[in-house]
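Number of protein chains: 2
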Amino acid sequence: MKFCSSCGSPVSQQIPEGDSRLRFVCGGCSTIHYQNPRIIAGCIVEHNQQILLCKRAIEPRKGYWTLPAGFMENGETIEAGAVRETWEEALAKVSDPQLYTLFNLPHISQVYVFYRGALQSGAFGVGEETLESRLFPESEIPWDELAFPTVHKTLKHFFRDTKNNDFPIRIEDITFPRK
Amino acid sequence: MKFCSSCGSPVSQQIPEGDSRLRFVCGGCSTIHYQNPRIIAGCIVEHNQQILLCKRAIEPRKGYWTLPAGFMENGETIEAGAVRETWEEALAKVSDPQLYTLFNLPHISQVYVFYRGALQSGAFGVGEETLESRLFPESEIPWDELAFPTVHKTLKHFFRDTKNNDFPIRIEDITFPRK
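Chains as they are written, first to last, in this note's numbering: chain A, 1 to 179; chain B, 180 to 358.
A few of these clues could be false.
[Claimed, not checked] Pulled a few chain B residues facing chain A out of the computed Cβ check, cut under 8 Å: (1) F182; (2) C183; (3) S184; (4) S185; (5) C186; (6) G187; (7) S209; (8) Y213; (9) N215; (10) R217; (11) F250; (12) E252; (13) N253; (14) P285.
[What the hints assert, rightly or not] Computed spacing ranges between beta-carbons, pair by pair: (15) A:N36 <-> B:D340: 25 to 31 Å; (16) B:T341 <-> A:S12: 47 to 53 Å; (17) A:N36 <-> B:Q299: 26 to 32 Å.
Read the hints as simulated data drawn from the structure, not as lab findings.
C-beta atoms are modelled at their ideal positions from N, C-alpha and C, and glycine is treated no differently.
Model the full structure from these sequences, guided by the hints.
Spelled out as structure tokens, the structure:
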């Protein structure tokens, strides 16, 4: 951030009075521009004991496999964002989504949230940001070609929890360098 | 948003190619400025069957009682944000915080997250954004002077769940006009 989005004057980093953190503050109109973490919402979708993965058509991690997920938008709930992203990336509709995993990634100021659900009528396709979509049984998950640690961990939890038929909400912090 | 924070040129609202939503796009450098929901993190802190509330010293809802909470910052986890806000607003330290309630407020693009915990050594005080802090038993909660619906609902859940000694994670959407 170099300029004020309200008045266009240059900003500088300062600790405002009563605050304890550096913020971008406008030299013209004195507006303080706060920056906050973003939520990424997605789904782990099951059909006949297989999981729907998408091969990414865009950076970062182009060509790697992911669970459908993306940035939550203004005006929606986390669940609505997760379901929307699953539609946009995999043309898949999700039945009965349930909150499943939540990851804090403080080094990149992100919070990942995955919902667990069933694939409606077994139908899916290839969205604009996807090269290929496919249902994988556990034995064929491309563990070495997954896009993100959050995807890896959600899949691991899912297959373990499936054996017990119990899916508690899983909360984890992912730090870098990784613990 | 009127100006580009990267180059200072005027922005306009457009739907970028491949997108489906209006975004602020810079007329100079073509940067797309995404806006996303923010997370508010806080704690419901118990001590001797009483709950710690803070009377707000700032708008919105100045003079009304709240659970300590505030905007999650870049570089922290949700739990760290909840614990930090409890310290800043009530000079209270929280033992063993557990995720408890999560509220989507899509009409204001916020997600509220409350952790449940115990008050360390019974100590608390009055932070900069607080007029008064106090421990309330259930019978004395100022229900008509609570600052936010998320506070009201978290307290209601808490007292109900206390009777069963079972505190499942509670997820709700709060829409306006309220359902």
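Now the hints, each set against the structure:
Below 8 Å, beta-carbon pairs count as interface contacts, and F182 (chain B) has one with chain A at about 4 Å; its hint therefore holds. The closest approach between the C-beta of C183 (chain B) and any C-beta of chain A is roughly 7 Å, which is under the 8 Å cut-off, so the hint is satisfied. Taken as an interface hint, S184 (chain B) checks out: its beta carbon lies about 5 Å from the nearest beta carbon of chain A, inside 8 Å. A distance limit of 8 Å between C-beta atoms decides the matter here; for S185 (chain B) the minimum to chain A is near 6 Å, and the interface restraint holds.
Checking C186 (chain B) against chain A by beta carbon gives a least distance of about 7 Å; that is within 8 Å, so the hint holds. With a cut of 8 Å, the hint placing G187 (chain B) at the interface with chain A holds, because the nearest CB-to-CB distance is about 4 Å. Hint on S209 (chain B) is violated. Least Cβ distance to chain A is approximately 15 Å, over the 8 Å limit. Interface restraint check: Y213 (chain B) against chain A, minimum CB-CB distance 7 Å, threshold 8 Å, status holds.
The beta carbon of N215 (chain B) is positioned within 8 Å of a beta carbon in chain A (closest approach about 5 Å), and the interface hint is therefore held. Taken as an interface hint, R217 (chain B) checks out: its beta carbon lies about 5 Å from the nearest beta carbon of chain A, inside 8 Å. Because the beta carbon of F250 (chain B) sits about 6 Å from the nearest beta carbon in chain A, less than 8 Å, this interface hint is met. Hint status for E252 (chain B): holds, given a least beta-carbon distance of 7 Å to chain A, under 8 Å.
Hint status for N253 (chain B) relative to chain A: holds, with the closest Cβ pair at about 4 Å, below 8 Å. Annotation: interface hint on P285 (chain B) holds; nearest CB of chain A at approximately 5 Å, less than 8 Å. Range check, N36 (chain A) to D340 (chain B): Cβ separation about 29 Å, and the 25 to 31 Å hint holds. The given range of 47 to 53 Å is respected by T341 (chain B) and S12 (chain A), whose C-beta atoms sit roughly 49 Å from each other.
Distance hint check for N36 (chain A) and Q299 (chain B): the Cβ-Cβ separation is about 27 Å, which falls inside the suggested range of 26 to 32 Å.
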